[in-house]
Structures are given as structure tokens and as C-alpha cells.
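What follows is each chain in one-letter form.
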Amino acid sequence: MLDDFFTRALVAGIGVALVAGPLGCFIIWRRMAYFGDTLSHAALLGVTLALLLEINTTLAVAGVSVLVAVLLLFLRRSDTLSSDALLGLLSHSALALGLVCLAFMTWVRVDLLGLLFGDILAVTRLDIAMIYGGGGLVLCVLALIWRRLFAATVSADLAAGEGQQPDRTDLVFMVLTAVVIAISLKIIGALLITALLIIPAAAARRLSSTPEQMAVVAALAGAASAAGGLYASLHYDTPSGPSIVVAAMVLFVVSLVPGGLIVRRMGAKTRGDRP
Amino acid sequence: MTESKPELMPASTREAVLVRLDKAGIRKGGDWLVRGVDLTVSPGEIVTLIGPNGSGKSTTAKLALGILKPSEGRASRRPGLKVGYVPQKLAIDWTLPLSVQRFLRLTNPLSDAQCRDALEQTGAGRLLKSEIRTLSGGELQRVMLARAIARNPDLLVLDEPVQGVDYAGEIAIYDLISEIRGSLGCGILMISHDLHVVMAAADQVICLNGHVCCRGTPSDVSQDDSYHALFGARAGTALAVYEHRHDHVHLPDGKVRHADGSLCSDCPGAHHDHTVDGHIHAADRHAVDGNGTDGAAHNEAGKRKELGNAG
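Going down the list, the sequences are from chains H and E. Residue 124 in full-length UniProt numbering sits at position 124 of the first sequence, with consecutive numbering throughout. Residue 57 in full-length UniProt numbering sits at position 57 of the second sequence, with consecutive numbering throughout.
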């Protein structure tokens, strides 16, 4: 069954989305969208490294992403730059550095478009094994730290004051995010991974009343976007990443339709927050 | 759940003291947020931190809780100490679906009955199924207090527990806090702006302004010159006030000028007892001159008592 390239892409895409959904919920709850962007842009550096050292791409990307995540955690604690500026700096520097390095390596032929936007033709059996192995592991760890991570998300001070160690939980969460980014790279591409984390989670918000419910709905919404997007990609010969993201966006818009309540809430919140 | 046990106390003090700060200070970006703070909270004791904005009250509470690590000095907690914490702020993103009930269960499992009971105590019983985001400031405060109490803690740390709570509710909550101290036998570390209630309920008051300005029982502190300098004359009208000598003055740039004319920018020893050596904070110096009786404040305090009884 996995002989067909499209079936492989479909199985891989759905696997990636199932893991990205619950993790993406935490990303939006903690207002870390830009952080996800930074990690995924750094993934390109990982690809360069993999080509240079001739090692497995997914492993190299996971390694580089974890490194960047730890670096960010460390820099954020030292309070030298505002978090926002820091992320912007690292995000685009990593992307640019990756692209420049790739250009220098004239001896390898790289499908740059595939790296940036995903390529359904590139998914191998090994990739699928890594997605389901790595993804399964990520979900297990997430389930284990769920309560603590959730408490730290609501208030890190409160969690720390009552005897938990939110710093440690944060670190584990960042590593999990880095792993998800590494396994998503081939399907969705470095530029759009964050979208797969955020948009299904945002679409789930309107349909959920508890955090756990939102995580499950986000996983399902993500899987539906992956399937829809990949079919569209095959049918219209579009790059897989953008097609999946467009499908997710359509789901998000559909989630708003009954009542349009969330839009009004968002509007009220923005107006209320900015003097 | 892992408990943090940074520094264990010697066995002799284990029973007596829940949390202890020993000349603790913390520095951020080259500035001392707070320095030279000594503090202990024992079971059944209410210790209240007062001081102007930016004087390091919340920072001191966070040092005591172990959220922040002291840059100098020591912070220690009794091993296995169970804390109920009401932070000053709670910033929850609108994308997070969080009911009051779920929030109560954030750091420990509670039965439905326990949740309802804790909310009833703080006068928020009808909010059990509400979304946290839709609560008003006062309602959120009551819910946070309920959550902290429901943990059945050894130590309650309350960072401005009545901010945004209505007038009658404020008194009811302070009554509740005294009551909890009695029923749970827990120690309470509280930060408050409401001087009347602080003076009525606390066992020990610590007045902060980057360092400990004065400390002691409420009646001691209310007679202290530096307390008047910080809070103005009306704050002390309930109790007799006498003349003081000042050993140092806080200049507007944050430096401290001592009586001998020497200046220092980060003075760990600028701490003094309430009895003799008060000091003036230059920016508020005018306040010290108004030590005479202030009838308006008296009346306000009286009115407030009536309201409390009525509510």
C-alpha cells in the first residue's frame, strides 16, 4: 500500500497533523507562534548540516531545532533583548544563513522549493517510520507532562510558587516542538510549519470548551487539512505545504461561521488591550 | 508533582518556621530590586508587606516562594511545604478554554464538592461553571483565593488579594483570611495596600521601599516615622505619633543620604527598627508635617467598620 507515493504522503501528512494539533494548542495558548517560526526557519540550517555531514535530515533538523530552542530559553532568561526582537532576529538570521550555506554547497543539488514549501514526492518509508515513531513519542511525553505544562501555561509564577518546576516543563515542551518541526519538514516545508501548528488549533478553539477537547479537535482538524490539502496538491499540481495550509485556513473560516462570535471577541480583546 | 527544596532548614527550626528570608536581595540588570530583607512566617502568623509601588513587595514574596532566586542572602522553606499562592496578575490568552472549576484543579485534584465549598467561602459559588476570561477583576480575585484555600496549604501567599473587589467584599475577604488562619493554622504572607485592614489583621508588618524601612507589630509600625513618610499622615491618624530623628533620606534618584552626609546607591544596611531612627523619603517629605489629627480619616475608618458589620 505504501508503494504509491501519494499514499505515503497522505499517511505521513495525517501523522504529522495528529501530533501538531495538540502541540499547536499550547503554542497559541502560550502566545508562542513566533517562537515556532524561529524553530522552523532554523530547520533549514539543519538541512544544510545534514547535507554537509551526509547524515539523516530529520535527525539533523531535530538536533539543530533543539539547540536553537535551548539557546532561546537561555537568552530569554538573561533579559537582554525583548523576546519579540530576539525571535525576529534569530528566525530570519537562521533562514538566511541556511539559504546562503545551501547556495555555497555547489556540489549538491537541492530542491529548494521542496525544502521551503514541502514536497509530497519526497516522502519515503523511513520518513513515515520516523513520523509515527517520533510523533508517537512526542504524544506520549506530552500526555505525561500535560498537567504540569498546562499549569505552567496558565501561570508560570503560580506553578513555580506551588512547588512545580515550570522551567523544566518549558524545556521539555520546546524539545517536543523541535521534534515535530523536524518530522514535518518534508511534508509542509520550513516556511509553513508554524501554520500547521497554529491554524488547526485556532480552528478548534470555537468548537471546544475544555483544553483537552481543543487538543483532540485540533488534531482532527489538522488531519482533515492534511488530507484535503494533499488531494488538492495532487489534483492541481501545487506544492503540498501551501495546499495543506490553505485547507486548514478554510476549516478555520468554517469554524467561525456559526455566529461569528469569536471574531467579535477577538475584536473586543484587541480594542481593550491597546490603549 | 515535584516539590522544590532548594535549601533545607535545620531540624530545630523546622516546626516553627514555614519560610525564612535571610538578608535576601535580588538584582536585575545591575539594579537591586530589593535588598537585605529578613523575614520569617510561622504557622498561624499573618505577615503583611506594605510599601509604595515598585518597592519590591511582589519580588520579596517571589523570593520567599522560590520563584526567584536571591542574588545574595538566603531563602529557605520548610521541606514539603504546601503553598497556596494568589499572584498579582493572571494573563490568560483568549484562545485557552478554561472554566473556573478547571482552574481550581490546576495544581491539585479536587472533588466537585471541594470546588463548590471553596468558592462558597470566598463568595463566588455561582461562578463554578464560568469561563475564567469572562470574570471581572473582583470575581477573578475571589476565584484565585478559593483555589489557593482549596489546596489546604501550610502557607498562603496573597499578593494584593482584594484588588478590584468591591467595598463590602473586601472586608468579608479579610475576615475570611483571618478565619482561615484560625481554621487551617496556616501562615499567611500578604501584600496589601489597604492600611486600615492591614493594621487590624496582621501580626507583623514589614514596610518595604527597596529595603526594609521599618517592621514590627501594627501599632509599632503605625508609630514609625518612615511609615508616615511613605504613606502620608492620614495613615497614622488612628494611633499616637511622636517626633523622630532621621538617620537617612531617600533621594529622588534612588540614592540614600545618611545623617552624616554620606551617599550610597545600594545600601543594604539602611534598615532600622521602628523605635528610634526613622527616616524620610524625600519625595514624600511633606507628609510628615501633617501628623495632627485628621478627622476625615477617622470618620472614614469608622464608616468602614459599620459597613463591614452590615455586610
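Among the hints, a few may not be true.
[As the list claims (entries may be wrong)] Derived coverage of chain H by chain E (criterion: at least 3 residues anywhere in the stretch with Cβ under 8 Å from a Cβ of chain E; other residues may be distant):
(1) 61-70
(2) 123-133
(3) 147-155
(4) 207-221
(5) 236-244
These are calculated hints, taken from the structure and not from any lab test. The beta-carbon is built from N, C-alpha and C at its ideal position, and this holds for glycine as well.
Hint by hint, here is what the structure shows:
no.: 1; hint: 61-70; result: violated (count 0)
no.: 2; hint: 123-133; result: violated (count 0)
no.: 3; hint: 147-155; result: holds (count 6)
no.: 4; hint: 207-221; result: holds (count 6)
no.: 5; hint: 236-244; result: violated (count 0)
Against the hints set out earlier in the document, violations occur for numbers 1, 2, 5.
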